[in-house]
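A.B. asks: Could you build all of it, start to finish, from the sequences and the hints given here?
Protein chains in written order, with the numbering used here: chain R, 74 to 585; chain D, 4 to 368.
Bear in mind the hints are in silico, worked out from the structure with no lab data behind them. Errors might be hidden in some of the hints.
Said to hold, decoys possible - Okay, derived cross-link-like pairs now, SDA-like style, lysine to any residue, Cα gap no bigger than 25 Å in a straight line:
no.	chain 1	residue 1	chain 2	residue 2
1	D	Lys-133	R	Met-530
2	D	Lys-214	R	Phe-544
3	R	Lys-271	R	Asp-91
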Amino acid sequence: MFFWKKIKDRKPKGKGLDRLGTSLQTNLYWFKNDIFMDDASIIYRRFRSQPPHSRDCILIYADNMTNSDFLSQYVVRPFMNRTLPKGASGQELADYIMESVIQGDQVDCSQSFVHLSDAIARGLGVVLVEGCDYGVTVEAPGWDRRTITEPQAESVVRGPRQGFTENLGVNINLVRRIISSPNFKIKHLQVGLQTKTKVAIVYVETIASTALVDEVVKRIENIQIDAILESGYIQELIQDGPNFSLPTIGSTERPDIVAGKILEGRVAVLVDGTPFALTMPYLFVEAFQANEDYYNNWLAGTFRRVLRYISFLITTSSPALYLSLISYHPQLIPTPLVLSIAAARKNVPFPGFVEVVGMGLVFEILREGGVRLPQPIGQAISIVGAIVLGDAAVNASLVGAPMIVVVGLTAISGFVVSSIYDPAVLMRLFLVLMASVFGLHGYVIGVMAIVLQLSSMQSFGVPYLSSLISFSSQGMKDTFVRLPWWRMVLRPRYLGAKNRERLRSKSRSKSP
Amino acid sequence: MRELVPDLQSMALVVIFTLGDSFIMALGSRAGNDIWLAFLLAIVLAVPVIALYARMRSLMHGESLQEGLATIYGKWPSRAIALAYSFYAWRLGSYVLIDLTSFIESISLPTTPRAAVATAYTLLALWAAKEGVEVLARWSVVMIRGVYFILFVAFAMLVTEVDLAEFLPVLYDGFQPILLGTLQLLDVPFLETVVLFWVFDAFVKPDSPYKVFLPGFAIASVFMCLIASASLAVLGAEQYATNYFPVFVATSRIDVAAFLTRLESVVSISFGIGGFLKVAVCLLAASKALAIGLGFTDYRFLVTPVALSMIPAAQWLITDMMEAERIATKVVGSSEVFFQFVLPLILWITAEIRVAKGKKNSAST
Chain R
74 MFFWKKIKDR
84 KPKGKGLDRL
94 GTSLQTNLYW
104 FKNDIFMDDA
114 SIIYRRFRSQ
124 PPHSRDCILI
134 YADNMTNSDF
144 LSQYVVRPFM
154 NRTLPKGASG
164 QELADYIMES
174 VIQGDQVDCS
184 QSFVHLSDAI
194 ARGLGVVLVE
204 GCDYGVTVEA
214 PGWDRRTITE
224 PQAESVVRGP
234 RQGFTENLGV
244 NINLVRRIIS
254 SPNFKIKHLQ
264 VGLQTKTKVA
274 IVYVETIAST
284 ALVDEVVKRI
294 ENIQIDAILE
304 SGYIQELIQD
314 GPNFSLPTIG
324 STERPDIVAG
334 KILEGRVAVL
344 VDGTPFALTM
354 PYLFVEAFQA
364 NEDYYNNWLA
374 GTFRRVLRYI
384 SFLITTSSPA
394 LYLSLISYHP
404 QLIPTPLVLS
414 IAAARKNVPF
424 PGFVEVVGMG
434 LVFEILREGG
444 VRLPQPIGQA
454 ISIVGAIVLG
464 DAAVNASLVG
474 APMIVVVGLT
484 AISGFVVSSI
494 YDPAVLMRLF
504 LVLMASVFGL
514 HGYVIGVMAI
524 VLQLSSMQSF
534 GVPYLSSLIS
544 FSSQGMKDTF
554 VRLPWWRMVL
564 RPRYLGAKNR
574 ERLRSKSRSK
584 SP
Chain D
4 MRELVPDLQS
14 MALVVIFTLG
24 DSFIMALGSR
34 AGNDIWLAFL
44 LAIVLAVPVI
54 ALYARMRSLM
64 HGESLQEGLA
74 TIYGKWPSRA
84 IALAYSFYAW
94 RLGSYVLIDL
104 TSFIESISLP
114 TTPRAAVATA
124 YTLLALWAAK
134 EGVEVLARWS
144 VVMIRGVYFI
154 LFVAFAMLVT
164 EVDLAEFLPV
174 LYDGFQPILL
184 GTLQLLDVPF
194 LETVVLFWVF
204 DAFVKPDSPY
214 KVFLPGFAIA
224 SVFMCLIASA
234 SLAVLGAEQY
244 ATNYFPVFVA
254 TSRIDVAAFL
264 TRLESVVSIS
274 FGIGGFLKVA
284 VCLLAASKAL
294 AIGLGFTDYR
304 FLVTPVALSM
314 IPAAQWLITD
324 MMEAERIATK
334 VVGSSEVFFQ
344 FVLPLILWIT
354 AEIRVAKGKK
364 NSAST
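C.D. replies: Listed below in structure tokens is the structure:
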């Protein structure tokens, strides 16, 4: 009881736990019995510095989060081999420890309990010394990291085979290794009241517009949420038009894509704990661009890009067009085809709308079921999907055979534009509904509504359709076509880049 | 809130607006086989009037429409003018809605109630008008490519059907039919452009109104001339005049290798796009003018009532196709002359005098 009272008296005035005292015993008591009470994973390593004037020291760290070999080698051993200056205390002693004792790269000191306990929770080692009201933090990360591999969802035939990992530092370095310039800047922020997730905003200072960088920083600083478990949290909290499913912030696992985007004047946000980096502003055309377009021949790149636009049209429109053609405008289909469709649908008891929506739903269920299943069971699902729901459904006259073709076509073309797969599904459903009510005119009303929505959207002040509505050749150079590099002289105007010149003339050489 | 739209985007809006629903009905049918002459004459006559609209907007440069009107004409006269044009835009929007919905009803959805189609288009126009002219202009840029693509491809496929002999003999009936056709064209659709005067809040530069209105109008009218003439060359003057939807009927003759046939439904898509934009712009103009007339700074809360009142108006103003046809192809209407020519002329002369006086006053002080 007496001990408790003693501590209580020594406890600094003000709001609860605040600053360290000079008594090691007291400081340790607070860490052990208050902040990290009932936490068996925190290690308290006692040792003494070398006599004369030897002092009691304590190293506190979280087990498995910190590299204990590193701590013993470069923190505990130097302490044991060294005499601390007699009578030194406070900042003076902390400075001496940081400068002359500890052999680590990232060393810091603090008086605040909150700051030190955060550091321990983040995996840093904290050294407390008798008679010193400062704690010294040492960075010694020791948790397991995933190695750098090629991201499965964004694999390429030609291009670097590196993908981001869950470690922020590694991710930043992956980008920095591509842009080795002092103009490559990183702003660090911390988001999440509980998770205290580290967030890095990266951009190229001489290219990205200052207003854009400030806006991104401001939006991220405004976030007051308990946890950031993935960059998707930040994406949803800071993006424009969050009620519509099309993304206004891009996400990628590839450092080359991040580098390419920030070299055009965009800003990227890397979040600790996830391999998905965010890039902003993100415009509609970016959903149809791929990094390989730029690595391969420009004509091939253009061809693939046009294919993506066509696939997007097919995946959003084909069920609606099929529905409006068979229910409202059969005269538009060539006669032999309309006869065979009619023959195929002869025994189907449902109207076209039920068939289209039903098969569409079945496919989405199959996909959702298959995505999260282990490989062997996933195969079972494809068999069920292909044979039972495809062939057997036609034989049982539940759906017409042409419908299976339409669903198949829709599905395959949907995977071509996988980055906007979900919005495409919703658009498809909307267009089917409109087409079922007003036929082809309903489809057109639906398309006009979607374009209206797209026209009204913005991403960080840039109109979402920016490059699509440009009339100039430099504005259109990277939309439906991917012009050769020697023609893409300027960076896109709509991003407001400080320096628009991307390529000096005479960069292209040829034999005389 | 002032919305600044880049000139090229505004121009796209002018083009689609001018094309609008005009392909649906028989344009300039009174001119008979001299339709192309009527078109050329109408374009020549319309350009000065449209330049006049542009001049008035140019005089107001630096101010929003509301402020500009008030400085030139004074508070109450400007409100009266705005109210009058609000009515004009509202009525024009309703007529376009009628044309569009009757067309859809007779061609592809005979059993769907006209009011349902009108409601769908009006709700979309309501949303578009609430988003504002900036979004509508962007929308037009995206859509203009589709519209031109469809019409261009369709008419390229019609080449084999075109019979240039249909234009002969030139001036067989003298000048009178041409003049009638010209007046018809000036009335609907050329000078309906006056509605656009009320849509733009402000322009980027003092000469922007000319750059927006004149080339926009020129592109649209020349395109219209080509399509109407091509349709006439396919159908012949008599059929062109007697069909409700001559352009539609002309495209139904498309037959490429017996595979690309009956493309008229695809072509009618472009009518739907143009018609919708015209309804939306009329709605926007009517709401903006009404807001100015009633002295409000924001028009958005007026869009919904104005839009909803257009649906029943489209049902009651005209009850059948014959009536719609009569209105769309009449030679000239007195209210149209007033709103499209007389009133703008008076306003322009007043504006020039007042602005000149204002400059003199500011120079002397």
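A.B. asks: If a hint holds in the structure, say so; if it does not, say that too.
C.D. replies: Comparing the hints with the structure gives:
no. : hint                  : in the structure
1   : D:Lys-133 - R:Met-530 : holds, 14 Å
2   : D:Lys-214 - R:Phe-544 : holds, 15 Å
3   : R:Lys-271 - R:Asp-91  : holds, 23 Å
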